[in-house]
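Number of protein chains: 2
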Amino acid sequence: MKIGIVGGGSIGLLFAYYLNKCFDTTIYTRTDRQAKIIGAKGLLFEKNRQQETVQIKAESFLNWNGEEDLTIVAVKQYHLEDVLAQIHERMNNKVSFLFLQNGMGHLKHINKLTAENIYIGSVENGAYRAGDRHVCHTGEGVNRVAVYIEKNRSLLHDFIKPLSSFFPFVMEKNCYEMLIKKLVVNAVINPLTAILRVPNGELLTNPYYREIFCALFKEISRILYLEDEQAYFQHVINVCQQTSKNRSSMLKDIEKNRKTEVDSILGYLLEEAKNKNIYAPLIHQYFTLIKGKEYREEGN
Amino acid sequence: MKIGIVGGGSIGLLFAYYLNKCFDTTIYTRTDRQAKIIGAKGLLFEKNRQQETVQIKAESFLNWNGEEDLTIVAVKQYHLEDVLAQIHERMNNKVSFLFLQNGMGHLKHINKLTAENIYIGSVENGAYRAGDRHVCHTGEGVNRVAVYIEKNRSLLHDFIKPLSSFFPFVMEKNCYEMLIKKLVVNAVINPLTAILRVPNGELLTNPYYREIFCALFKEISRILYLEDEQAYFQHVINVCQQTSKNRSSMLKDIEKNRKTEVDSILGYLLEEAKNKNIYAPLIHQYFTLIKGKEYREEGN
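Line by line, the protein sequences give chains D and A.
Here our numbering is used: the first residue of the first sequence is 1448, the next is one more, and so on.
Here our numbering is used: the first residue of the second sequence is 1448, the next is one more, and so on.
Each hint can be trusted.
Here are the simulated SDA-like pairs of lysine to any residue, each with C-alpha atoms no more than 25 angstroms apart in a straight line:
#1 A:Lys1706 - A:Pro1728
#2 D:Lys1738 - A:Arg1694
#3 D:Lys1738 - A:Arg1644
#4 D:Lys1699 - A:Arg1644
#5 D:Lys1620 - D:Ser1601
#6 A:Lys1468 - A:Gly1456
#7 A:Lys1699 - D:Glu1744
#8 A:Lys1721 - D:Pro1728
#9 A:Lys1449 - A:Glu1514
#10 A:Lys1703 - D:Leu1643
#11 D:Lys1628 - D:Glu1571
#12 A:Lys1738 - D:Leu1651
One-sided and incomplete, this derived list gives chain A residues near chain D with beta-carbon spacing under 7 angstroms:
#13 Asn1653
#14 Tyr1655
#15 Tyr1656
#16 Glu1658
#17 Ile1659
#18 Pro1728
#19 Thr1735
#20 Lys1738
#21 Gly1739
#22 Tyr1742
Bear in mind the hints are in silico, worked out from the structure with no lab data behind them.
Ideal Cβ positions, reconstructed from N, Cα and C, are used throughout, including at glycine.
In isolation and in its complexed conformation, chain D is listed as follows (with noise of 0.2 angstroms):
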């Protein structure tokens, strides 16, 4: 099986790594002089301090032309426009995707795709590019994935069953679910913690910030209309337990100058709540502090 990975970023490498093993594997950069650099020197792994050098095919994606048989999306969620306008002129109807974003606003893009497989993911393998070629694989977990269409299939079998001893997918029933699930433990975690600027766990070992916390969650509750409400809150505070010592994306974004992906967690949660008329103050006011960080990193 050939598979196309395109996004140089953290998740990108992170599965070239692990697919590359199993898979005639290419990664599409959007830099030519990244792809230059894994091509010319490898790609570097490095898990536990423990580092390894992989050799792997590596293009810019201006030469994807979806002759892969999976071809898997790991661009943040604000590039996916973009690319995907590119997949759409370069595209047969024989490709099959597996998208990787985080949020929801991501669906309504690839509602327009005419694919002949097409699925969703949702990664909990924490990982961080600490370089061009570089990936630190910093916190294991699974990686999620649903159908969203599917005509063939045989295609995740054959692609998920090699990879289940060492880098494991489980399968759900329900994309919408899975991403939601997603959604509320991004939305609640990564705005504060880059707020406050402080690591995972003190959102619950402080008082202050857990009653926060649990205000920010309800807005949430309310707005997506979660059912089993309490299930969700469970699994938010276990994810925060979990990764106590971890700095959120959102904060390592904000320390680094990069964009964030507010607009795809927060500003989804916000566009729910005008379609369903819901007020939503703290989410507005932790949208517009990330947003107004942004402005400032922008260099104003």
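On the provided structure of chain D, position chain A as indicated by the hints.
Only chain A this time, still in chain D's reference frame:
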């Protein structure tokens, strides 16, 4: 005229320097240590990088007995209850006071005092305590003063007049309005700058922060039933612009792991909101964020 100043913080030291030029002034400090340092080495005053050392009488507050014609209470709001309890024990009814606290919470404590004269002040001078005996006058403004109780009408006149050319006091008619005006400024600027860790001016130049600035002002205005809302708003804008490069006192407190004045500022507003049954999600949010920061700084 004999003047006593209770409190060896930035405002206490600043007032001691200027008042000592005209009056027989004694500064009463919380610690015996600070009084001894000032007594031995003098008060070091700094303005525009020019330094000057002056001799001034300094005593532990334990030695205060109300012998001065006017006692100026320049302790933080959160120390006021303790200080007043001791004043009650040692005062006589001939004592006069000038209180310089931020916020509104001190009015209810002062209510219980039976003194000859009670004045309320609002300091628009910026000062910074660089050491036990070292104060920097960083922002030149006026001191506003209003009558709370007055039995002897000549005292305030005799106090203000000799200072007018170099440390001016402006008489205000209504102490409540005077304090509200400063409260509104502090309630908008202090919490936002402390959470965002930005100088005052950025609240206006960053369009996202400015949006929050306006929303927070509106919530405060509703709680205080501000009649001329536009005038108060313009006043906050003016102060923000005039002090655009300053870091607010609450930001400095947070940065230096000190207790903030949030209880007497946002805490007072929350109590008002509760009494008036007004929903105040933003004030509640920023109050809790600041309390969380304080909790952290207490070593939790």
